[in-house]
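Colleague: This is what each chain is made of:
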Amino acid sequence: MEIQRQNGTLSIAGVTELTFANAREFRKAVMAKLDSELKQIVVDLSQTEFVDGGGLGALLMIYRIANEKNPAHAVRLRLMYPQGPVQQMLDLTQMRHLFEIVTATESQPEQKKVAV
Amino acid sequence: MKSLLICPAEREHVAALAEDVPLATLPLCGRSLAEYWLVHLVGAGAREVLVLSSDRTSHVHTHLGDGARWGLKVTVQNEVAERTAAEGRTKFKAADNSNWLAGPNDVIVMDRLPDQPEFPLFTSYAGWFAALVDHLPRAATSDRIGMRVLKLGVWAGLRTQIAPTAELHAPCWIGDNVRVGDGAVIGPNVIIESNSFVEPRATIRDSYVGPGTFVGAFTDIEQSIALGNTLVSWKYDSVLKVPDEFLLSSLDPARLAAGGLVPGHSLSSRQSQPAWSWKFNAKTEL
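Protein sequence lines, in the order shown, are assigned to chains A and B.
The letter at position 61 of the first sequence is residue 61 when you use this note's numbering, and the numbering goes up by one with no holes.
So the mapping is simple: this note's numbering equals the position in the second sequence, first residue as 1, plus 1000.
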């Protein structure tokens, strides 16, 4: 997993699965990078093959803590390019109401790399 | 008069539909494809039907029995592979050419519903669902015991309980012994098969929920086919095995056991003991 911080954006990529088994490790690694200057968290899900309730719980926890550390402004959490089954899991749990979900069809291929 | 019914075997484009039962016995608005065809053949004058099956033949045999339910003599025969209609005519009709129904009712490959020759069922998940939605308004025939029209385009079966605060949008079909919880949104274009359980605030639109499926609270099933914990997006042609049983799972004890759940698990008691307090009145208990 790669975590990069540039200006107000925290970018997370290379997550092959996000499940109950690795949710705690994921949460700890990301939460160490959260601070009061953060504006958005971008999670690249293009390589993620599997997500379960534990993984979604970790995303919710990160989102909540990031916003608690930034009472002055809302921190966005963007989920980029989820593949079929992961997209289905996000749809099933209505995550679109909380997070911004960007699908591959909504963006041109050259724009796929998230500007940080 | 005789007729030959050929059950569909493996169909790679809709493989997830046949995980638990053969395609010929999967319920479509409470009645299997084989049952629809037997009713059709009775109407056409058949008295004797040979059913060829190459996928879980014992299940097909158990499902259809000897045909007495339809006033037919039904024989289920196992085959190594699915035959075409031409092969069926050559092998079975040519050998004994007396007393057969006229074509096309003499030999039938069950790859569509009898009233929908223009809707092939097994070319894609989207096609299968489109056929089902098209069939839905005609499914409530007079021989469906206990089936009621709750409002125009909304049917509910025997012993089905729907919370007063649930929203039902036509067209939708809710089978027998289904429970729908407070604030759930069902429809439009929804089929919920028998013995399923929809928890409060769940939303189901443009979807099929298979028999004995548990749909958890606040889950959102749209443009999908849910069979136990298998969720098929017919829109994206994508299949997901939902890992969290509180979101989507099977209430079938055999399937639960196959999934490794221990007896006495909370799921086992869901049907008999709802997780929320029901506020039914006499009108909502169907």
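Keep in mind that the hints were calculated from the coordinates and are not lab data.
We treat Cβ as the ideally placed atom computed from N, Cα and C, and that holds for glycine.
Errors might be hidden in some of the hints.
Stated by the list, open to error - Sample of chain B residues lacking proximity to chain A, with all beta carbon distances greater than 10 angstroms (derived):
id: 1; residue: K1073
id: 2; residue: L1101
id: 3; residue: L1136
id: 4; residue: T1219
What the hints assert, rightly or not - Pairwise CB distance ranges, derived in the manner of DEER restraints:
id: 5; chain 1: A; residue 1: E2; chain 2: B; residue 2: E1019; range: 52 to 60 angstroms
id: 6; chain 1: B; residue 1: R1069; chain 2: A; residue 2: Q47; range: 51 to 59 angstroms
id: 7; chain 1: B; residue 1: L1158; chain 2: A; residue 2: T19; range: 53 to 61 angstroms
Unchecked claim - Partial selection, computed: residues in chain B whose CB lies under 8 angstroms from chain A:
id: 8; residue: F1218
id: 9; residue: E1222
id: 10; residue: L1231
Colleague: Next, verify each hint and record whether it holds.
Modeller: Now the hints, each set against the structure:
The beta carbon of K1073/B is kept farther than 10 angstroms from every beta carbon of chain A, the shortest such distance being approximately 45 angstroms. Remark: the non-interface label on L1101/B is consistent with the geometry, its nearest Cβ contact in chain A lying 44 angstroms away (cut-off 10 angstroms). L1136/B, annotated as away from the interface, keeps every beta carbon of chain A farther than 10 angstroms; the closest lies near 23 angstroms. Under the 10 angstroms C-beta cut-off, the non-interface status given to T1219/B relative to chain A is violated; the minimum distance is some 5 angstroms.
Checked against the given bound of 52 to 60 angstroms, the beta carbons of E2/A and E1019/B, roughly 37 angstroms apart, lie outside it. Under the hint 51 to 59 angstroms, the C-beta atoms of R1069/B and Q47/A, about 53 angstroms apart, fit the expected range. Against the hinted window of 53 to 61 angstroms, the Cβ-Cβ separation of L1158/B and T19/A comes to about 40 angstroms, which falls outside the hint. Against a cut-off of 8 angstroms between C-beta atoms, the interface hint on F1218/B holds, since the closest Cβ of chain A lies about 7 angstroms away.
Annotation: E1222/B was flagged as interfacial toward chain A, and the flag holds, the nearest CB pair being 7 angstroms apart, inside 8 angstroms. About 6 angstroms separates the beta-carbon of L1231/B from the nearest beta-carbon of chain A, less than 8 angstroms, and the hint is met.
In summary, the numbered hints that this structure violates are 4, 5, 7.
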